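**Student:** Fit chain B to the supplied structure of chain A, relying on the hints for placement.
For the record, the sequence lines run as chains A and B.
Sequential numbering of the first sequence, starting at 1, is according to the UniProt record's numbering.
Sequential numbering of the second sequence, starting at 1, is according to the UniProt record's numbering.
One side of the interface only, derived from the structure: several residues of chain B facing chain A at Cβ under 7 Å:
| no. | residue |
| --- | --- |
| 1 | Met55 |
| 2 | Leu57 |
| 3 | Gln85 |
| 4 | Arg88 |
| 5 | Gly89 |
| 6 | Met94 |
| 7 | Thr101 |
| 8 | Lys119 |
| 9 | Tyr151 |
| 10 | His153 |
Heads up, simulated DMTMM-like pairs for lysine to aspartate or glutamate below, C-alpha to C-alpha not over 25 Å straight-line:
| no. | chain 1 | residue 1 | chain 2 | residue 2 |
| --- | --- | --- | --- | --- |
| 11 | B | Lys82 | A | Glu204 |
| 12 | B | Lys8 | B | Glu35 |
| 13 | B | Lys90 | A | Glu202 |
| 14 | B | Lys149 | A | Asp301 |
| 15 | B | Lys63 | A | Glu204 |
| 16 | B | Lys90 | B | Glu6 |
| 17 | B | Lys82 | A | Glu202 |
| 18 | B | Lys146 | A | Asp301 |
| 19 | A | Lys59 | A | Asp76 |
| 20 | B | Lys63 | A | Asp130 |
| 21 | B | Lys65 | A | Glu202 |
| 22 | B | Lys63 | A | Glu199 |
| 23 | B | Lys149 | A | Glu204 |
Computed list of chain A residues with no C-beta within reach of chain B, every gap over 12 Å:
| no. | residue |
| --- | --- |
| 24 | Tyr4 |
| 25 | Gly6 |
| 26 | Gln41 |
| 27 | Gly75 |
| 28 | Gly85 |
| 29 | Gln86 |
| 30 | Ile96 |
| 31 | Tyr131 |
| 32 | Ala132 |
| 33 | Val143 |
| 34 | Trp162 |
| 35 | Phe163 |
| 36 | Phe192 |
| 37 | Ile253 |
| 38 | Pro257 |
| 39 | Lys268 |
Since the hints were derived computationally from the structure, they do not count as laboratory data.
Computed from a predicted model, the values in this text were never measured in an experiment.
C-beta: ideal position from N, C-alpha, C; glycine also.
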Amino acid sequence: MKRYIGVRLIYLVLTLFIITTATFFLMKGLPGTPFDEEKLQQLPTEQRQKIYASYGLDKPVVTQYVNYLGNIVKGDLGTSFFYTGQKVTDIISGRIGPSALIGLQAVLLGLAIGLILGIIAAYRHNTGWDYATMIIAVLGVSVPNFVLAALMQYYMGLKWGWFPVAFWESYSSSILPSVALSVGVVALIARFVRTEMLEVLEQEYITTAKAKGLGFIRIMFQHVIRNSLISVITVLGPIVVNLLTGSLVIENIFGIPGIGSLFVDSIKMNDYSTIMGITIFYSAFYVLVMLVVDLLYGLVDPRIRFASGKE
Amino acid sequence: MNHLLEVKNLQVSFFTYAGEVQAVRDVSFTLAKGETLAIVGESGSGKSVTSKSIMRLLTQTAKIKQGSIMFEGKDLASLPEKQMQNIRGKDISMIFQDPMTSLNPTMTIGRQITEVLRKHHQMNGSEASRRALELLDQVGIPNPEKRLKQYPHQLSGGMRQRVVIAIALACDPQVLIADEPTTALDVTIQAQILELMKSLQQKFDTSIVLITHDLGVVANMASRVAVMYAGKIVETGSVDELFYQPKHPYTWGLLDSMPKLHEKTEELHAIPGTPPDLADPPIGCPFAARCPYTMDVCYDHMPPYTEHSDTHRAACWLQDSRAPKIDRPQAGGER
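With the rest of the complex left out, here is chain A (with noise of 0.2 Å):
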């Protein structure tokens, strides 16, 4: 087992460094630099000169990119361009928290609410609940969730008072956001469970429960839930990494001081060292996150986990 984490470790830095080095020379063909290039003409060349060195930009590309990594092996992830002076880890550092509340907040009520969609409507096949629970479904898929997110700041916001309708200022900003995030993962969880809980139904091992003698509830715990999670735990590790590292236009709607946010604006802004370093961040939480989901699959099924962990 532990051989196992060990060999995934080296191959999540692996990845990281791919990652690293496709974004570095990508972002380096955007067109424009950080700079007002306009008014940078007007400089004298030598001052111009100057202000290239000091962010480096004078080297070759390829001598920047290795300045860079030997940089990141320190844990420095450079300066920002356009808030100057300040580190990329501590912008970002400062941005996650409002981002990773929503996002944990939006998961769990979005997984909790999902799974008790999907169950019921599974054990209600074909019945008025599992048609209803499916247009929840479908209708959380479909309606963008801006839209919703605009209606709730309208009415649960703005006409009835009951939370704040924008910005981040106490820890009733979080819940707005949280639940306009959640109802995509309600929908796509529901729709997950139900399949799959379909699926197991079917299997010749519910029928030796039932030829147990087992009542229903301990039929769908100890038999039909786990043996469905597997499929779910493979969509919910891509929620979570989405979620988690902040939802743009959640964060813009509900003007959320987010990573979300801050990626586009590094974007705009040509902000190099802000958009690798939001890179690599994201990056490394997916793989890890992916890492993760393995391990679960394993505590989940016992196949995967004799498969893959032999000591």
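**Tutor:** Just chain B now, with coordinates in the frame of chain A:
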């Protein structure tokens, strides 16, 4: 009443989009204490549906339309689900065809056995584990302590079927329904499993309903046989009666289609044709279309049972006193 289980006029239908499929049509049989009744027939003859009806494990699309299944004074055909749960696994239990799929892949063998003990005997964890160990030992699994903690995929097919048997026998059931218990196993393992079932039956005086299409298994295991065809029992009798004095042409066909060692021919006997469509079953004898001795009456009227002994009955017009005498060609009896 000395019958442990009495199925009377059972009718089961599947309600599909294409219409009603009459899988079991008026089936009656009894099961005495300690005996083994084999139900034989080809795929789709309704033998599995009959057995699942007794356990009330039919899918939602299937319905018991008519008939009764009497067990200890209760009619299982109409018993509420909650009471049925107290019978399943305790008084009547079941062994399934494919041990590869009939065990939960994410649960240890131990838990799958103790589960049924906890449900019916309200045992606590350690009591149940002790009993599970004992059961694994009884079904001939070496290293039971180790096996308890393992998952199904770590066991071979034969071992898994032993586990399935251990689960079925955990609560000392009075009736054991074995639905093709050896079909999915290697031939060498088949014999072991059958021997195991036989010895456990003698030990606990369990009654067995054995569903199979393998006449070799029948000869080995059963005391009585019911031959099913197109949802009906066409002939029933003791093993000797059925093998040595079969009366129904379908039974003849079945017996002839068993490969025999002493025959030199390379050719295998088969019954020509296919069973009728049970969505639109024939009004007369269901075997008429495939029977080499068909008479006009066969197509229009279902033959009544004729009794040949206390235990031996067959539903065939050839047995009617007005019918021409036809003997089974190249009479069997080599067994």
